[in-house]
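Undergrad: Given next are the chains, with one letter for each unit.
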Amino acid sequence: MQQLRRFYSLQANSLLESVVALSIISVCLYIAILIYAAIFTPKTSARFYNSFNKTSEVFFTMQLAQDSLIEEYDTDNWEITDETQGGLKKITVNYKDILQSYPQKSFYISNE
Amino acid sequence: MVKAHSLLYAIYVCLIVSLLCGALLYIANMYNQLNIYYTTHEELYIQNQSLVNYALANPNKKTIEIEEEQTVGSSYELKPYGLLTVLTAKSFVTNDTVTSVHFAAASTNDKLCVFLTNLDRSLSYSGDVKLIGDKKLPSDFIKPIYIDNKPNKLENTGATSVSANSLPDISESLKKSFTQLNGLKVPIKEVPQNNGIYYNSFLRPTIEINLEDPILSVSLKGNIIIRSSDSIVVKSSANLNDIILSDPKIIFEDNFKGTVQAFATKKINVGINVELGYPSSLCINNTTLEKSSIIIKSNSKIYGAIVLYGNTTTDISKNSVDIEKDIILACDIYCTGELTLRSNVYGTVYTNKFVHKTASSGYDNCLADLEINPSKRPAHFVSMPLLSNNDINYAAIKKVL
Numbered sequence: 174m175q176q177l178r179r180f181y182s183l184q185a186n187s188l189l190e191s192v193v194a195l196s197i198i199s200v201c202l203y204i205a206i207l208i209y210a211a212i213f214t215p216k217t218s219a220r221f222y223n224s225f226n227k228t229s230e231v232f233f234t235m236q237l238a239q240d241s242l243i244e245e246y247d248t249d250n251w252e253i254t255d256e257t258q259g260g261l262k263k264i265t266v267n268y269k270d271i272l273q274s275y276p277q278k279s280f281y282i283s284n285e
Numbered sequence: 019m020v021k022a023h024s025l026l027y028a029i030y031v032c033l034i035v036s037l038l039c040g041a042l043l044y045i046a047n048m049y050n051q052l053n054i055y056y057t058t059h060e061e062l063y064i065q066n067q068s069l070v071n072y073a074l075a076n077p078n079k080k081t082i083e084i085e086e087e088q089t090v091g092s093s094y095e096l097k098p099y100g101l102l103t104v105l106t107a108k109s110f111v112t113n114d115t116v117t118s119v120h121f122a123a124a125s126t127n128d129k130l131c132v133f134l135t136n137l138d139r140s141l142s143y144s145g146d147v148k149l150i151g152d153k154k155l156p157s158d159f160i161k162p163i164y165i166d167n168k169p170n171k172l173e174n175t176g177a178t179s180v181s182a183n184s185l186p187d188i189s190e191s192l193k194k195s196f197t198q199l200n201g202l203k204v205p206i207k208e209v210p211q212n213n214g215i216y217y218n219s220f221l222r223p224t225i226e227i228n229l230e231d232p233i234l235s236v237s238l239k240g241n242i243i244i245r246s247s248d249s250i251v252v253k254s255s256a257n258l259n260d261i262i263l264s265d266p267k268i269i270f271e272d273n274f275k276g277t278v279q280a281f282a283t284k285k286i287n288v289g290i291n292v293e294l295g296y297p298s299s300l301c302i303n304n305t306t307l308e309k310s311s312i313i314i315k316s317n318s319k320i321y322g323a324i325v326l327y328g329n330t331t332t333d334i335s336k337n338s339v340d341i342e343k344d345i346i347l348a349c350d351i352y353c354t355g356e357l358t359l360r361s362n363v364y365g366t367v368y369t370n371k372f373v374h375k376t377a378s379s380g381y382d383n384c385l386a387d388l389e390i391n392p393s394k395r396p397a398h399f400v401s402m403p404l405l406s407n408n409d410i411n412y413a414a415i416k417k418v419l
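For the record, the sequence lines run as chains W and U. Residue numbers 174 to 285, in the working numbering, belong to the letters of the first sequence in order. Residue numbers 19 to 419, in the working numbering, belong to the letters of the second sequence in order.
In case anyone wonders, no lab produced these hints; they're calculated from the structure. Any given hint could be a false lead.
[To be verified] Below, computed lysine-lysine pairings styled on DSS-like, alpha-carbon distance capped at 30 Å:
1. U:Lys-108 - W:Lys-263
2. U:Lys-343 - U:Lys-319
3. W:Lys-278 - U:Lys-394
[As the list claims (entries may be wrong)] Residues of chain U clear of chain W, computed beta-carbon distances all greater than 10 Å:
4. Glu-87
5. Asn-113
6. Gly-201
[Said to hold, decoys possible] Pair by pair, the computed Cβ-Cβ distance ranges are:
7. W:Ile-243 - U:Asn-50: 31 to 41 Å
8. W:Gln-258 - U:Tyr-63: 17 to 27 Å
9. U:Thr-376 - W:Ile-243: 30 to 40 Å
10. U:Gln-51 - W:Ala-210: 16 to 26 Å
For each residue, glycine too, the CB sits at the ideal point set by N, CA and C.
All chains should be modelled from the sequences, with the hints used to inform the complete structure.
TA: Below you can see the structure in the form of structure tokens.
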């Protein structure tokens, strides 16, 4: 019994101590979650860049063959407007998918 | 009384979490910076190509003129370089610039096959002759001539109309390009060198090198004009890219390969098996009463233009273009003198006079065993701006930077 008492010499923490410790940890976790949320936004996902590049792809496909490829973009997700200015065509591209819409792009291609 | 036991653990937890958060922030920051770098560069390159398209359609402006504000700034300029125009296009954001340089030329939709000035004889043919496309000839009948008892066969498509008694005017830019051939005079030793190639960028002013020795056997690339006192002999070991040669006499030795614009006043000789890549040109401007000639030997390849002009109609016989057999001519030919043609031409031919010579005699305005077919020009081929026209639509020929 003497030995047992010697081993059980740990003292119980006070309630106040536990409350302070928990609040410190919760504040810390709160900040951690805020940081996590700020970093992993839809704008930084790989999927965003993948879709974002699709609007750039339009420029290159339009340069190659305007008429034959325009049907490929004839869906609800794409909104492509062209404006003829003499020997030039200004193309404005808007793209959206189920989650979000992407920045608008505009560029010039020659009007052959 | 607060005991610091579990508080210590709380601080440990905080420390670990903050370390993780710090690492996350750091990585995210790197990721963002890299992505911003890539996307701005990609955007700059796309906008630069778009700017080139815009500049080719609006050669008289300096920048894209639209009302809305643009994230990517732009500026461009066009300046002459021999027969061609150099288009320098810059796209920029705050601290990044993408610059591209293209060779461009006013694009013409010239589907004309042959223009023969209405001076004396009408056009005749001998052997197997193909003339594809519209023609302007002294008379609309092309009569056969029987030489050496060979059978005659003429494939003639396109409309034929009666030609004027002078060739269409040569473009102002071509006339100017003879007088505007000058730059900063620099000795060849001071030109920057890389792997044995002397190179001057198109972003820098044109430089002019005066050769002391007429023999040219070095490697040169870019924005350079070469001159000599009397003549230039281009050795087959020379490696010339996008260079202008300007001298009274220019001689290309056998087996030379390169992309060159040659401007002479007396003589251009092209040896056997020479390849002048696209866009090359051979030009003679002879306003004197002396003789001038362009001679192209067999097995050569010329992609671009061959021009001889300056003489009056009374001096036709003193100026000649002589083209031997088995030459690939993907080019337009403009000749105010006599043109001796023995190879197929994939382009347009303008001349005051055709000459066909056999061992025994010569025939004026006669075409023998050849094809003139502008529709066989390669798809990417933009004709050099030889004639004056008001077309201001430019087309890009080649990216040089």
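Undergrad: Between Lys-108 of chain U and Lys-263 of chain W, is the straight-line Cα distance small enough, at 30 Å or below?
TA: holds, 19 Å
Undergrad: Just to be sure I understand the hint, the distance between the Cβ atoms of Ile-243 of chain W and Asn-50 of chain U should be within 31 to 41 Å; is that true here?
TA: Since Ile-243 of chain W and Asn-50 of chain U have Cβ atoms about 34 Å apart, the given range 31 to 41 Å holds.
Undergrad: Can the suggested window of 30 to 40 Å be confirmed for the beta-carbon pair Thr-376 of chain U and Ile-243 of chain W?
TA: violated, 57 Å
Undergrad: Okay, Gln-51 of chain U versus Ala-210 of chain W on CB: inside 16 to 26 Å?
TA: Because 20 Å falls inside the window, the suggested range holds.
Undergrad: Lys-343 of chain U and Lys-319 of chain U were given as a pair; does the straight-line alpha-carbon distance stay at or below 30 Å?
TA: Given that 30 Å is the threshold and the Cα spacing comes to 11 Å, the pair holds.
Undergrad: Please confirm whether Glu-87 of chain U is truly not at the interface, meaning its C-beta sits more than 10 Å away from all C-beta atoms of chain W.
TA: Non-interface label stands for Glu-87 of chain U: nearest chain W Cβ at 12 Å, farther than 10 Å.
Undergrad: Minimum Cβ separation between Gly-201 of chain U and chain W greater than 10 Å?
TA: Fine: 31 Å to the nearest Cβ keeps Gly-201 of chain U off the interface.
Undergrad: If you check the beta carbons of Gln-258 of chain W and Tyr-63 of chain U, does the distance land in 17 to 27 Å?
TA: holds, 23 Å
Undergrad: Taking the shortest Cβ-to-Cβ distance between Asn-113 of chain U and chain W, state whether it exceeds 10 Å.
TA: At about 21 Å from chain W, Asn-113 of chain U clears the 10 Å cut-off, so the statement holds.
Undergrad: Are Lys-278 of chain W and Lys-394 of chain U close enough, with their CA atoms no more than 30 Å apart?
TA: Violated, at roughly 38 Å.
Checked against the numbered hints given earlier, the structure breaks hints 3, 9 and satisfies all the rest.
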